[in-house]
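Construct the complete structure from the given sequences, taking the supplied hints into account.
Residue numbers (this note's numbering), protein chains in the order written: chain A, 1 to 216; chain B, 1 to 191.
Please note that a few of the clues may not be correct.
As a list, the in silico DSS-like pairs of lysine-lysine whose alpha-carbon atoms are at most 25 Å apart [unchecked claim]:
#: 1; chain 1: A; residue 1: K106; chain 2: A; residue 2: K71
#: 2; chain 1: B; residue 1: K90; chain 2: A; residue 2: K168
#: 3; chain 1: B; residue 1: K125; chain 2: A; residue 2: K138
#: 4; chain 1: A; residue 1: K138; chain 2: A; residue 2: K212
#: 5; chain 1: B; residue 1: K90; chain 2: A; residue 2: K163
#: 6; chain 1: A; residue 1: K209; chain 2: A; residue 2: K73
#: 7; chain 1: A; residue 1: K42; chain 2: B; residue 2: K90
#: 8; chain 1: A; residue 1: K102; chain 2: A; residue 2: K138
For the chain A half of the interface with chain B, some residues (derived, Cβ under 7 Å), not all of them [as the list claims (entries may be wrong)]:
#: 9; residue: P91
#: 10; residue: A95
#: 11; residue: V99
#: 12; residue: G135
#: 13; residue: I136
#: 14; residue: D171
#: 15; residue: V173
#: 16; residue: T175
#: 17; residue: H176
#: 18; residue: A178
These are computed hints drawn from the structure, not numbers from a lab.
All residues carry an ideal CB built from backbone N, CA and C; glycine is no exception.
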Amino acid sequence: MRGKTLIAAALTAAAALTLTACGPDDDGGDKPAASVSGATAKPIVTLDKPIEKPDLTLTDSDGKPYDLLAKTKGHPTLIYFGYTNCPDVCPLTMANIAVAVKQLPKAEQDDLRVLFITSDPERDTPQALKKWLGGINKNFTGLTGKFADIQRGARDVNIGIDKPVVKKNGDVVSTHGAQVLMASPKDDRIHWMGMQEATADNYTSALPKLIKGQNP
Amino acid sequence: MNRRTLTATALAAVCALGLAGCGGSGSSASDKSDAAKSAPQLKVSGAYMPQPVTDKMAGAFLTVENTGGADKLTSVTSDLSDDVSLHTTKGNAMEHVSSLPVPADGALKLASGGDHIMFMGLKRKPAEGQKVTLELHFAKADAITVQVPVKSATYRPATGGGHDAGAKDMDHSGMDHSGMDHMDHSGHAHK
Numbered sequence: 001m002r003g004k005t006l007i008a009a010a011l012t013a014a015a016a017l018t019l020t021a022c023g024p025d026d027d028g029g030d031k032p033a034a035s036v037s038g039a040t041a042k043p044i045v046t047l048d049k050p051i052e053k054p055d056l057t058l059t060d061s062d063g064k065p066y067d068l069l070a071k072t073k074g075h076p077t078l079i080y081f082g083y084t085n086c087p088d089v090c091p092l093t094m095a096n097i098a099v100a101v102k103q104l105p106k107a108e109q110d111d112l113r114v115l116f117i118t119s120d121p122e123r124d125t126p127q128a129l130k131k132w133l134g135g136i137n138k139n140f141t142g143l144t145g146k147f148a149d150i151q152r153g154a155r156d157v158n159i160g161i162d163k164p165v166v167k168k169n170g171d172v173v174s175t176h177g178a179q180v181l182m183a184s185p186k187d188d189r190i191h192w193m194g195m196q197e198a199t200a201d202n203y204t205s206a207l208p209k210l211i212k213g214q215n216p
Numbered sequence: 001m002n003r004r005t006l007t008a009t010a011l012a013a014v015c016a017l018g019l020a021g022c023g024g025s026g027s028s029a030s031d032k033s034d035a036a037k038s039a040p041q042l043k044v045s046g047a048y049m050p051q052p053v054t055d056k057m058a059g060a061f062l063t064v065e066n067t068g069g070a071d072k073l074t075s076v077t078s079d080l081s082d083d084v085s086l087h088t089t090k091g092n093a094m095e096h097v098s099s100l101p102v103p104a105d106g107a108l109k110l111a112s113g114g115d116h117i118m119f120m121g122l123k124r125k126p127a128e129g130q131k132v133t134l135e136l137h138f139a140k141a142d143a144i145t146v147q148v149p150v151k152s153a154t155y156r157p158a159t160g161g162g163h164d165a166g167a168k169d170m171d172h173s174g175m176d177h178s179g180m181d182h183m184d185h186s187g188h189a190h191k
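Following this line, the structure appears as structure tokens:
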């Protein structure tokens with residue numbers, strides 16, 4: 001059951017990616033993707049079968065334990081796996097979400113949980129997360145912990161992250177997740193995924209519905 | 001049949017390259033390697049830097065168009081940082097590379113989600129509306145100086161930065177300016 005959902009989600013993601021890759025250069029010559037035309041490159045995808053939130057207890061940016069399931073229960077929740085030493089996709093993704101969140105009424109902002117779970121816990125200490133998220137939205141929650149735990153939690157929700165590798169020249173190669181996971185406050189399950197190409201506008205139009213548990 | 005078509009296409013492509021390579025140089029059109037031998041003709045466009053989150057790091061994107069022979073972007077220097085590097089993205093990981101190819105009669109495109117220029121340990125935190133000076137160094141062509149505009153953190157070139165207005169409202173109130181001076185740079189990646 002879980003397996004099928006994951007495969008379906010992965011396929012949707014792959015299809016979206018493929019379509020994006022084709023972009024405007026697609027000459028229509030050979031389009032095997034045409035058979036999944038229903039799955040056009042939607043920036044916010046509704047999952048056919050929702051996924052459980054990851055059962056993780058990590059450390060928040062104040063250094064306190066954070067039981068993800070307990071702390072987010074009954075709250076609309078956005079989860080992204082990334083790292084702060086990331087110049088491109090991670091800050092862009094979080095900034096896009098921040099723009100959308102800022103436009104929600106205050107009560108809804110307070111109800112929403114936005115979690116940034118580091119994929120590079122060795123460098124992303126609670127302090128580093130706090131500083132970085134402070135530049136985006138200080139109400140977002142940064143979470144760190146043991147990489148093995150974080151990777152297992154990510155895997156449970158179909159997000160692949162690799163342990164940061166230190167190369168011979170000292171470079172650290174880290175990975176971030178490809179999608180933002182979005183859980184409904186109604187059943188505490190992940191119903192939607194924000195793809196990497198989702199813009200601030202996409203999140204701005206989708207969030208008011210998602211936080212009520214409605215499809216965008 | 002198919003193979004013939006392919007061969008014909010390939011030939012056409014080679015011819016096109018050959019012709020483009022000749023471009024007014026007056027040399028023989030039969031010299032197929034002309035494009036590879038000729039000097040690169042570079043032009044930079046579409047440069048921007050998303051406003052960085054902290055003064056720890058920033059990224060920048062641009063396109064180097066080339067109407068001449070192949071070249072390589074070998075390094076970037078800037079007034080913003082002494083630690084500027086070139087990165088390529090593989091899957092969801094990024095890796096430091098020593099150079100990026102600028103193909104003959106083509107373009108090197110640095111874009112969000114792909115290749116980018118990375119700046120570590122910024123001397124200041126650039127804000128939207130400001131400019132950052134970059135000097136691009138190539139294997140063959142002369143260096144090019146670019147004034148890179150700093151855009152909103154959510155800027156997307158494809159949409160002309162549709163969300164600039166919203167981004168101005170971004171929450172900067174929580175920024176820990178006090179911590180900037182004694183930041184721990186020891187944990188830097190890509191050093």
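Numbers of the earlier hints that this structure fails to satisfy, in rising order: none
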